[in-house]
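K.L.:
Letter by letter, the chains look like this.
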Amino acid sequence: MKNDSINIWQTGIILFILIFANKILLLPSLFYNEAKVEGVFCYLFLFLLELFLITLFVFLKRKYPNSSFSSLIREKLGVVTLKIFYVLFLLYFFCKLVLIYNITYIFFKDLIYKDNDAFLYVICIFPIINFLAVSKMRVFGRTAQIFFPLIFIILLISIVLSFIGTKSTPLLFQGSFSSIFIGSFKHISSFGDSVFLIIFFDKIDYKKKDGKKLFFMSVFAMILTLLIVISFYLSYTYTSFMHPYAIFEVLGNIKDYGGLGRVDVISVILVIFLTYLQMGLYLKCFTESFLVVFPKLSNVYALVSFDIAFFFVVELVIRNLEKTVLYGQSVLPYFSLVSFGLVPIFSILFLLMKKKEKSDGKT
Amino acid sequence: MEKLKNSLKLFFKTPMLLVFVFITIFYGGMALGKDAEVDTYAVVTAIGLDKTEDGKISLSLLTFVPIVTQNFAEQYEVVVAEGQSLAETFDFAGLHLGREIGLSHAKLVVVNDDYFESDVSVELDFLVRNKNLAMSTSIIATDAKANEFLNVIKSFDSGTSIKADDLLKFNEDYIYSFESTFESFYKGLYSPTKSAMVTFLSLVGENEEGIAIQTSQGEQGGESGSQQGQTKRKILNDGQAILCREGKKVAQIDKEMMKKINLIKGNYNYGSIVIENFTDELFQNARLTFEIFDNVTTIKAGFSNGVPVIYLDVKLLVKLSEAREYDLEIKENVDFKNISKKAIKELEFKVKNAISDGVQLMREHKCDLAEIYTKLNNTNPSKWQEFQENLSDKDEFLNFVVFKVSPQIFSN
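Line order of the protein sequences matches chains G and B. Quick note: the first sequence uses my numbering, first residue 1, plus one each step. Quick note: the second sequence uses my numbering, first residue 1, plus one each step.
These aren't lab readings, by the way, just hints derived from the structure by calculation. Note that the structure is predicted; figures quoted are calculated from it, not measured. No false leads were slipped in.
FRET-style restraints, in silico, Cβ to Cβ:
no.	chain 1	residue 1	chain 2	residue 2	range
1	G	149	B	381	40 to 46 Å
2	B	390	G	219	41 to 47 Å
3	G	138	B	27	31 to 37 Å
4	B	248	G	216	50 to 56 Å
5	B	20	G	63	43 to 49 Å
6	B	30	G	62	51 to 57 Å
Below, computed lysine-lysine pairings styled on DSBU-like, alpha-carbon distance capped at 30 Å:
no.	chain 1	residue 1	chain 2	residue 2
7	B	255	B	366
8	G	167	B	265
9	B	341	B	352
10	G	358	G	83
11	G	358	G	63
12	B	34	B	131
13	B	352	G	167
14	G	167	B	107
15	B	107	B	248
16	G	355	G	203
17	B	107	G	114
18	G	114	B	187
19	B	194	B	404
20	G	354	G	212
21	G	203	B	13
22	B	249	G	167
23	G	167	B	194
24	B	187	G	323
25	B	375	G	167
26	B	265	B	394
27	B	300	B	394
28	G	186	B	187
Listed below are several chain G residues computed to face chain B (Cβ distance under 8 Å; list not exhaustive):
no.	residue
29	120
30	123
31	168
32	169
33	171
34	172
35	173
36	237
37	238
38	239
39	242
Idealized CB from N, CA, C, for every residue including glycine.
Generate coordinates for the entire structure from the input sequences, incorporating the hints supplied.
P.N.:
So this is what it looks like as structure tokens:
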């Protein structure tokens, strides 16, 4: 059990990586398309939802320090609900993996080598994320911990450099409330990553005041994300929607106008680290959910079934940016009901039940 | 033997190592067996767009031709193709070259100004979206054939170290203070007032004025070019620019007008101001030239009784660098002369007039080149909205904006 648990700093680092990872490529450009510069408010709104999920986790962990989320559902709502809930989790993480895979595949294909085939990408990505998924949670936490300083330094350099290229004044007050909410809904699937806290509920060593550390790491990641987005909008203003890969583009802007040479390459290194860790964790969440749905099978079955299903879906769904964006905007938001709908409902339900149990005990 | 067995066991138990070995063997072998990129792709460094007499598109590509030589000279060729659409012309150009067209090294697009008579963004859009041309690629408008222009550039690239984009960089830094790239063009096009500027360079004969090197080249006729006669042409960079609105040319402006626009934008860090026939206690009927060393312009927006007001506060640091008295010889070093109050007033008057001319140009062509719209909108969006609703033509908003200019001249 000890080998399969992570401490609160490792949890914070994973949370930091997940909050940051998928928000700095396509999203700034897509949010600009929906709500102009006020796309920043889409981030703020969705980050608030993310913080709500983290708050629920902290409260739940205080009330049920030693239980797993699956055992709570089984105990209080029955096996059928448990199975349905975790099948939805399976689908949710599968769909998110498809999205991340597509975005990063197109990113690397466009920017590194246009002639590469999907097979090369699969070879580079799949063995590693499969390995991360079968390894213990502690191994994953340590891996994230080792790479975190490097990710953090690259990130800081990127943010500082990205503000060098900004010289235009963006046109403010163009996005309406409705455009902000519609934009937020369309891309809600890129958020809700903190739901991993629920999946690994019993594998996180949580002490009384650890909640602050979690909030610190997540709010810090959110602030850095917003800084990248703001520098992107300041760099490109009216053409923000024409630049799909924000972190790469803000550094590319320096290359073009700041005379610093190919600094945009460091953003590619950053995306590589983030991609491996994010996809590895999603696959780990998928495997965990699989083992709850099929308790008699091992995680090897989970990975094999994932790999087979993934190839079918990837062949049908991806291969260009337009299809990926359409998939992310029209299909995935409904799956986000799992993270932003069912998880909060169940969590609040368990908190209320605990309260009732206590008051019943007293009487 | 036991050791070897253990090592093999460890090897097969380490998936990362297996992946590494697989990738090295599989893709290493593939890479070694693959054709060289230069055999597959034609490396294009500049693109030219012309319109033919029968309305077709004429595409010229300045292409790097890899030839094994014993010196360091790079070989370039201009390939020409015609077609009904850009996609078709690219296909034909590929056929002429026997290679795929690779635009990742293209740094320059030369567009004949016929294209600016209609919305040029359609053609530029094709290059960016379908051909993945970098947004940092420079754009030049020219009154000559783009094909001829590329032939002159070809001589630059092959014969000298002077590159065509160096001229643009010079203009960007010292004359225009604006970029002439796809990025700047689209920023202008998608801005609320849809205005953008593009560098204008022309080709002139060998005896005419021009700052660049001259070159000897043949006029192109037909596809892939056959030499018909030798003409000597050179590129003239006299600081002109094309002013576009909604992708169409609305005016061609010269260097002097550019300076006036730059005064409004606050990008006037280079150049000089000349006062003719000036008389004070130091000079009599003199022509004084003041060099500008620094410029700080603050543009503030506000509303007075619902009317938008732009406050332009221009601070110029100048130095008297030349003094020519028409009747007399120069008596002393002008560097050490103080600028009189009268001269300063005269300079301030000149700056005010220059800004007024710049504003007039913007009003005349409905082109907001100094982000006036953005500043007014960001200052007070509700009042700005209200003001716009009262306008019969929203594009003419500059006619109703009051400009309050307060120039301040400082002598170094």
